[in-house]
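Enquirer: The primary structure of each chain is shown beneath.
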Amino acid sequence: MGKLRQLRHWLTGQGRRIDVCEFVPQTHPLRLWADVLPWSEFVGATHRSFSRRFPKQHSGGQAPIEIRVLLGLELLKAETNCSDEEICHRLRTDFGVMYACGIKEVQVDGCQDHFVLPEVLCRFRGRIDEALMNEFVAIQSAVAIDEGLVSPKHLVVDTFPSEQGSQRVTDATTLYKAKKNSLKSQNRSQID
Amino acid sequence: MRTFGRACRGKGKVYVSLVRDTEKQVLCVGSKVVSLALSVQMHLQSDASLHPEQKGDLEDKLKEAIETHQAIEKQSRRLVNGKSLPHCKIVNAYDVTIAPIKKGKSNCATQFGKKPGIIAEMGSGFIFGLHLPQGNPDDASYVMPLIDKVDAAIDRLTWTYPRRRPSIRSLAGDLGMNDPKVREKLHNKGITTVGIPNTIEPIPKVPTPSMIQAILNTPILNENQNATQIKIAYACGYSRTFVESLINSLICRGATHIKYKGHRGAMIQIGMAIIAANATTLVRIKQDRLSKRAQKCRRWFRLKPLNYNENNDPNE
Chain A
141 MGKLRQLRHW LTGQGRRIDV CEFVPQTHPL RLWADVLPWS EFVGATHRSF
191 SRRFPKQHSG GQAPIEIRVL LGLELLKAET NCSDEEICHR LRTDFGVMYA
241 CGIKEVQVDG CQDHFVLPEV LCRFRGRIDE ALMNEFVAIQ SAVAIDEGLV
291 SPKHLVVDTF PSEQGSQRVT DATTLYKAKK NSLKSQNRSQ ID
Chain W
176 MRTFGRACRG KGKVYVSLVR DTEKQVLCVG SKVVSLALSV QMHLQSDASL
226 HPEQKGDLED KLKEAIETHQ AIEKQSRRLV NGKSLPHCKI VNAYDVTIAP
276 IKKGKSNCAT QFGKKPGIIA EMGSGFIFGL HLPQGNPDDA SYVMPLIDKV
326 DAAIDRLTWT YPRRRPSIRS LAGDLGMNDP KVREKLHNKG ITTVGIPNTI
376 EPIPKVPTPS MIQAILNTPI LNENQNATQI KIAYACGYSR TFVESLINSL
426 ICRGATHIKY KGHRGAMIQI GMAIIAANAT TLVRIKQDRL SKRAQKCRRW
476 FRLKPLNYNE NNDPNE
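Going down the list, the protein sequences come from chains A and W. Positions in the first sequence are counted from 1; adding 140 to them yields this note's numbering. Positions in the second sequence are counted from 1; adding 175 to them yields this note's numbering.
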């Protein structure tokens, strides 16, 4: 019932449902990528961490968006190297992204606006802490060792620089780009 | 405007007046925040209605707010070395994370920001752990926390007899990891350090019998090692090309340009990039789309059935 409520934007349509698994080819890169991740362990660890650190105060209200969907979006954001807006937008239309986010079925027709808002994804990210992040990496490593895919016998350690800064578009950026564009168009008109 | 920096690293420019203007506003707001945070901390201790976990979380945030102001105050007393920023790029001039990393490369411009450490498998490049320290400590200090991350992953395995739990046999690293104390700690854990060079000379890929014997004679280590493992350890010595490929896979996932705020934000962004990169590595392993070198390493690690058409001697 909870999932129905959060998917109501899509499920109110009249069209038939599409099975996402059938729609996404077996060899689709995002499908292959999503299939190797231990989602149930990730979701379990997130749920444990969140319920310990952010105990639920009220029982009412709209059901929250599933952790699996948000975690999928967050990891896909890293994999595809895109912004919150872009990945949330792709979730509405891209079946590969839907599959990676664990969505099983979607309605053909219906309003698809605001399925997962970037703000919701941002709030979810705000709850992830360092310990949980380390746990995710440990879970993935343990599962890979368990399946016999990797071995921790011979390892290499190294560091790399990582620059911190923001690329947010501000008024100054807009003005700068507008000036640049107008200069370019002036130059073009002079050449013509 | 001030220009500084060594010529070999390129000269950067900092708009001192702009930084000073920002400083006044930030310090003014910060001084109020500190007094408020201290009074809230006192109220928080006396409040019994809050859950202990919740209380701890709030206390951490208050502590962070106070520490941030202290860091800005400290940095306002000395203008940090800096480099000119490209257009459209905004950073907090007093964020500790933009302090320059005064170590490493001498053939490029000064590196800024954080320096995360990774520990990866020598074969496929699967990353087992990430360590992101506050500030920029020396590279040798990364080794033990990263080893602990791998141990934490191994501890999660629920293998029982006759299946033997894996253990770390050898560790490779660059000259920055060359620290006698670190080597001693690794030896105590039964890990060989032949992959960490002592000098700028490259590590030989094939060890001589005397080199193997010298390692086998090392106290403590001889119980956990054998000649074959030592040969493999030499063959899996530090390779800059291999590490660069790992870093490149993280760069294309945005791990080297942190857009999230603060230390926690950096940890999340790099962590997510590592998980995504690892998933891609696992896909490649499952599809057997690995380099010849990785395939050879995997045969040595006994992760793949021996290919009888090829010579599996680690000395080659």
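It should be emphasised that the hints constitute simulated quantities derived from the structure, not laboratory data. Worth double-checking, as some hints may not be accurate.
[Unchecked claim] So these bits of chain A aren't anywhere near chain W, every CB distance computed over 12 Å:
1) R157
2) H187
3) R193
4) H198
5) G200
6) S223
7) Q326
[Claimed, not checked] Listed next, with one range per pair, are the computed distances between beta-carbon atoms:
8) W:A223 to A:C222: 25 to 33 Å
9) W:D463 to A:Q197: 44 to 52 Å
10) W:E359 to A:A203: 33 to 41 Å
11) A:K319 to W:Q309: 49 to 57 Å
12) W:R468 to A:H198: 35 to 43 Å
13) W:R340 to A:G201: 44 to 52 Å
14) W:D330 to A:A203: 33 to 41 Å
15) A:S223 to W:Q309: 50 to 58 Å
16) W:E419 to A:Q166: 28 to 36 Å
17) W:E248 to A:Q202: 39 to 47 Å
18) A:S223 to W:V204: 22 to 30 Å
19) W:E419 to A:H198: 47 to 55 Å
Quick caveat, the model's predicted, so the values are computed rather than measured. Using N, Cα and C, we set each Cβ at its ideal position, and we do this for glycine too.
Enquirer: Against each hint, give a clear statement of whether it holds in the structure.
Expert: These are the hints, each one checked on the structure:
{"no.": "1", "hint": "R157", "in the structure": "28 Å, holds"}
{"no.": "2", "hint": "H187", "in the structure": "15 Å, holds"}
{"no.": "3", "hint": "R193", "in the structure": "6 Å, violated"}
{"no.": "4", "hint": "H198", "in the structure": "14 Å, holds"}
{"no.": "5", "hint": "G200", "in the structure": "19 Å, holds"}
{"no.": "6", "hint": "S223", "in the structure": "9 Å, violated"}
{"no.": "7", "hint": "Q326", "in the structure": "19 Å, holds"}
{"no.": "8", "hint": "W:A223 to A:C222: 25 to 33 Å", "in the structure": "46 Å, violated"}
{"no.": "9", "hint": "W:D463 to A:Q197: 44 to 52 Å", "in the structure": "51 Å, holds"}
{"no.": "10", "hint": "W:E359 to A:A203: 33 to 41 Å", "in the structure": "55 Å, violated"}
{"no.": "11", "hint": "A:K319 to W:Q309: 49 to 57 Å", "in the structure": "40 Å, violated"}
{"no.": "12", "hint": "W:R468 to A:H198: 35 to 43 Å", "in the structure": "56 Å, violated"}
{"no.": "13", "hint": "W:R340 to A:G201: 44 to 52 Å", "in the structure": "46 Å, holds"}
{"no.": "14", "hint": "W:D330 to A:A203: 33 to 41 Å", "in the structure": "35 Å, holds"}
{"no.": "15", "hint": "A:S223 to W:Q309: 50 to 58 Å", "in the structure": "28 Å, violated"}
{"no.": "16", "hint": "W:E419 to A:Q166: 28 to 36 Å", "in the structure": "33 Å, holds"}
{"no.": "17", "hint": "W:E248 to A:Q202: 39 to 47 Å", "in the structure": "44 Å, holds"}
{"no.": "18", "hint": "A:S223 to W:V204: 22 to 30 Å", "in the structure": "29 Å, holds"}
{"no.": "19", "hint": "W:E419 to A:H198: 47 to 55 Å", "in the structure": "51 Å, holds"}
The earlier numbered hints that this structure contradicts are 3, 6, 8, 10, 11, 12, 15.
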